[in-house]
Every structure is written in structure tokens, then in C-alpha cells.
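Visitor: Listed below, chain by chain, are the residues.
2 protein chains.
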Amino acid sequence: MVRGILLDLSGVLYVGDTAIAGAVDAVSRLRQANISYCFITNTTRRTSLSIQQSLTELGFSIKLDDIFTACSAALDYIRIHQLRPHVLVHRDLYQEFSTLDVRNPNAVVLGDAAEDFSYQNLNTAFRILMQDNTTEFISMGYNRYFMEADGLSLDLGAFTAALEFASGKQAIIMGKPSKDFFLQAVLKLGCKPEQVLMIGDDVESDVNGALRAGLQACLVKTGKYQQGDEDKICTANAQIADDVGAAIDRLLR
Amino acid sequence: MVRGILLDLSGVLYVGDTAIAGAVDAVSRLRQANISYCFITNTTRRTSLSIQQSLTELGFSIKLDDIFTACSAALDYIRIHQLRPHVLVHRDLYQEFSTLDVRNPNAVVLGDAAEDFSYQNLNTAFRILMQDNTTEFISMGYNRYFMEADGLSLDLGAFTAALEFASGKQAIIMGKPSKDFFLQAVLKLGCKPEQVLMIGDDVESDVNGALRAGLQACLVKTGKYQQGDEDKICTANAQIADDVGAAIDRLLR
Chain E
68 MVRGILLDLS
78 GVLYVGDTAI
88 AGAVDAVSRL
98 RQANISYCFI
108 TNTTRRTSLS
118 IQQSLTELGF
128 SIKLDDIFTA
138 CSAALDYIRI
148 HQLRPHVLVH
158 RDLYQEFSTL
168 DVRNPNAVVL
178 GDAAEDFSYQ
188 NLNTAFRILM
198 QDNTTEFISM
208 GYNRYFMEAD
218 GLSLDLGAFT
228 AALEFASGKQ
238 AIIMGKPSKD
248 FFLQAVLKLG
258 CKPEQVLMIG
268 DDVESDVNGA
278 LRAGLQACLV
288 KTGKYQQGDE
298 DKICTANAQI
308 ADDVGAAIDR
318 LLR
Chain H
68 MVRGILLDLS
78 GVLYVGDTAI
88 AGAVDAVSRL
98 RQANISYCFI
108 TNTTRRTSLS
118 IQQSLTELGF
128 SIKLDDIFTA
138 CSAALDYIRI
148 HQLRPHVLVH
158 RDLYQEFSTL
168 DVRNPNAVVL
178 GDAAEDFSYQ
188 NLNTAFRILM
198 QDNTTEFISM
208 GYNRYFMEAD
218 GLSLDLGAFT
228 AALEFASGKQ
238 AIIMGKPSKD
248 FFLQAVLKLG
258 CKPEQVLMIG
268 DDVESDVNGA
278 LRAGLQACLV
288 KTGKYQQGDE
298 DKICTANAQI
308 ADDVGAAIDR
318 LLR
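Read top to bottom, the protein sequences are chains E and H.
Just so you know, our numbering puts 291 at position 224 of the first sequence, and the rest follows in order with no gaps.
Just so you know, our numbering puts 163 at position 96 of the second sequence, and the rest follows in order with no gaps.
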């Protein structure tokens, strides 16, 4: 029995600047059904507000409060642990970190900085990680790649892995597939983990992450999905659907 | 009994633009003794000729033929396997790859591209790796970091790890700590592996790599050496010396 739904955004609702066929209608039907839902994303190239605006332009009707991001989880963690982070994130996300004390950093926070993943910026982050054994390494995701309009592209996980390898420090992951991150989203829905279905196109971050956190999961064959990804699912009871429309049809039938 | 010596370059003979104290003299004494030697480096920011010229300016007297690089090993591999590589290397190394057929690539070759490790260049390499399961991934090193004049800096290993993580493909490593690479250098000296001492500042790439290939090894406390590195040596019979001068003193006494 499914009482709540978590939906990934990029590759599930849209790719690049285009909504996936049937996705607008699927979200609309979900809103009319008596099921809690929330959009859960590791996208750290944009703020929640910017995500909401783009979704609106694509025809989706989504409340700002229904978007749960790795960035908000990271900000919570930084405040609770009173960290002074060196921040390497996308320039559109700077404002989210602008009120933090970042002098004499005792942590490095990594987001998907895209073109700002230059050698120099990565090296600066590396040197801060190497300054002191106690310096914390926080990353807002561990995704390998995502689907852009012109093909697969390197995601934050690759650069997290690079700094982990060089520094010998394991990053604390704030986004999917972190169990804590899924459980925070489940809490937001007011459900138990086993009552919640995660719908995503990333077999590792979305599907296996959710399953390991005790949720149900559905892999959709859109976005970054590649043939054979279903063979990488870590349990036998996951669902597979052609797209988010088919996944929600099956649920509401 | 030591009959041959392999010496690492950066961090052992020099750091940045400065020779390490006693290193020029140590190489000079080695030349006068009846011991084969060879300089073995993963440095892929420069050609062997450029390395030789800089060493000469620093006061070292070293023959071009005595420098064995990851780049020459990679070029051999590419020719033997008739690969058409997409090459992401330092711009000073382009000429070394200029005669290869690189159309319709069936391999990616990674060197230490330094500032050319941009998001876009890494993403291009990633997309070629993902095109086809048979596309080979060759990297000219797996070093985590190296010592520059202004501090530790990210080395090729970090970017190799990033592309391995994202693509799910394991790189074939052409430089240290690859066993094949050490054995090629040993062959060049005309010795048996157990007769050869490797002197280096990188506990993983130089020391443990050499020990695993059946050589002797000496860790020097210069360059990228950090306190506690000696505890990371994988066997009990490695040597430790303050610098290359002390290591060669001990050997020639």
C-alpha cells in the first residue's frame, strides 16, 4: 500500500528544457488523488525557487514547499554542527550560503558547480581538506551522471570521488542515495518508509538508495536510464515503468 | 644487494623550481659508482626533453635516455594495441601524440592536464568512455597529489578516479604504481627486480608500488612526504631516509 510518493525531477519530469510526455498530466492527477507527494532532488545547480519557476514554465503546478533539495539538508547540517564551510557550489546557489560564517573554514561543502569545477577550484577545496584531520567533507550528492539535452554529463559524484580519493576522506552525502536524506523526506510526507514509493531514473541514487532506506521504488525508463539498468537494482521487488505517467497510472488504478 | 636504482624526480630531486639540498651531489656520486640507474616519473605535464633541460638548469647532469616516463609507456601501449585515442593531456605533451590516428576514438588517454582539467574537457572524455563498452580507458598515473612550491596539489589520480567512478570503467594505469611499469624500468637497467631499489617520496605510488612489483624501496622525507606516511608502507623491509642524499650515502657506504 502506497500512501506517499517521492518524485525525482530531472530525467523524470523533464530533460533539459522539455517536459517528458505525460509528466504534466501525471503530476496533475497525483494532486487530485489523496496521496502525499514531494519532489526530491540532488540538483544543486539551482535554487528551489528557480526550479519551481522552470517547472511552472513547463506547465507543472508545484508548490515551493513540495520541493526537497540536498541543499536544504546540507544547510541544516551546517547550522546544527556550527560549521564554517568553504563552499564550492554552482554560482546560482551562492546566495543560499551567503549568511554563513566561512572564515577559517573547518569544512568543505561541494555542490554541482558545473563549469566552476575548474582545476584551481578543486585544488583549493583539496588543500582545505588536507589542512587538518578534523576538517569535514560534505557533498550534496553522489550521482555519477545525469542526462542533458545533448547527452549524459558528469554529475557531482565524480568530483566528490576525486576529492575523496585525493584527500583520503570520505564525504558525508547530503542528497540521495543517503538514507538520512530519504528519511527526512519521508518525515515531511508524514508516512512510514515502507508506505512511500520513490520514482526515479537513477538506478543507484534513486532506486537502490530508496530501497536501502526501506522505501518502495520504481525505475522509469526516461532521462539517464540506460538499457540494462534494471539488472542493477539491489532487490527483487522494485517496480519498473516506461515513464512517470505509466508509474502513476499503475498506482492510481 | 642493490645493483640498480630507480629515482623519482619531483619531490626527490627538486620541488617546484628548486633542487633539494644534496640531490645534485647525490646524483653525481651515483654516476661515478658502478650502479645502473634510471629516473622514473609519472610527470605528464612535460616531455622528457623539457624535464632534462630543467634538471640541467638546476645543476643535474642527466641523459635523456635515463628518463623513463609514463608517457612513453602509454605510447608503446597505444601502438601495440592499435588504438585511436581521445587524448586529454597537458598541452605541452600534445606533440608526443600528434602522429597518432585519433579519428573515431576507441580509447581515452588521460595525463595530468593541470588547468585543462576543465568540466568540459572531463565531460568530453566521459562521453567517449560511455559510447561503447569496449572503449579503453588508459591513465598515465594514479598519484593522489604532488608537492608544488605553494603546497600540495591534486594529481592525475584524482581525475582518473572521477572518470572511473562516473563511467564504471577501471583505468589501465601506465605509470607508477603499475607493476608492469616498474618491470619495464627494471628491464631497462638490466637487473632483476629484487636487485633494484626505488627511491621516492610517494608512499603509495613509489614505495608500495615498487614493493608489490618485487623491488626494494626507500621512502624519502622530502616533497609530498607527510608525517606518518611511513606507517602506510605495505611491508616491513622498506628503507626510510631524510632525503635522496642520505639514501644514496647509505647505499654507497
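Hints are computed from structural coordinates only; laboratory data are not their basis.
Hints should not be assumed to be uniformly reliable.
Same chains, same label: a pair holds when it works inside one copy or across any pair of copies.
Unchecked claim - Dumping the calculated EDC-like pairs for lysine to aspartate or glutamate here, alpha-carbon to alpha-carbon at most 20 Å:
hint, residue 1, residue 2
1, Lys236, Asp298
2, Lys288, Asp84
3, Lys288, Asp168
4, Lys299, Glu215
5, Lys236, Asp296
6, Lys236, Glu297
7, Lys130, Asp183
8, Lys255, Asp132
9, Lys255, Asp159
10, Lys255, Glu215
Visitor: Each hint: holds or not?
Guide: How the hints compare with the structure:
Taking the closest pair of Cα atoms, lysine 236 and aspartate 298 come within 20 Å of each other only across two copies (17 Å); inside a single copy the shortest separation is 31 Å, beyond that limit. Proximity of lysine 288 and aspartate 84 under a CA criterion of 20 Å is satisfied intra-copy only: 18 Å inside one chain copy versus 54 Å between copies. With identical chains, the CA atoms of lysine 288 and aspartate 168 are never at most 20 Å apart, being 43 Å at best within one copy and 37 Å at best between copies. With identical chains, the CA atoms of lysine 299 and glutamate 215 are never at most 20 Å apart, being 22 Å at best within one copy and 42 Å at best between copies.
Taking the closest pair of Cα atoms, lysine 236 and aspartate 296 come within 20 Å of each other only across two copies (15 Å); inside a single copy the shortest separation is 29 Å, beyond that limit. In this assembly of identical chains, lysine 236 and glutamate 297 lie within 20 Å of each other by CA distance solely across copies; the values are 19 Å between and 31 Å within a copy. Taking the shortest alpha-carbon separations for lysine 130 and aspartate 183, neither the intra-copy value of 30 Å nor the inter-copy value of 41 Å comes in at or below 20 Å. In the homo-oligomer, the alpha carbons of lysine 255 and aspartate 132 lie at most 20 Å apart inside one protomer (10 Å), although the nearest pairing across protomers, at 66 Å, exceeds that limit.
Taking the shortest alpha-carbon separations for lysine 255 and aspartate 159, neither the intra-copy value of 26 Å nor the inter-copy value of 54 Å comes in at or below 20 Å. Within a single copy, lysine 255 and glutamate 215 get their C-alpha atoms no closer than 29 Å, and across copies no closer than 48 Å, so neither meets the 20 Å cut-off.
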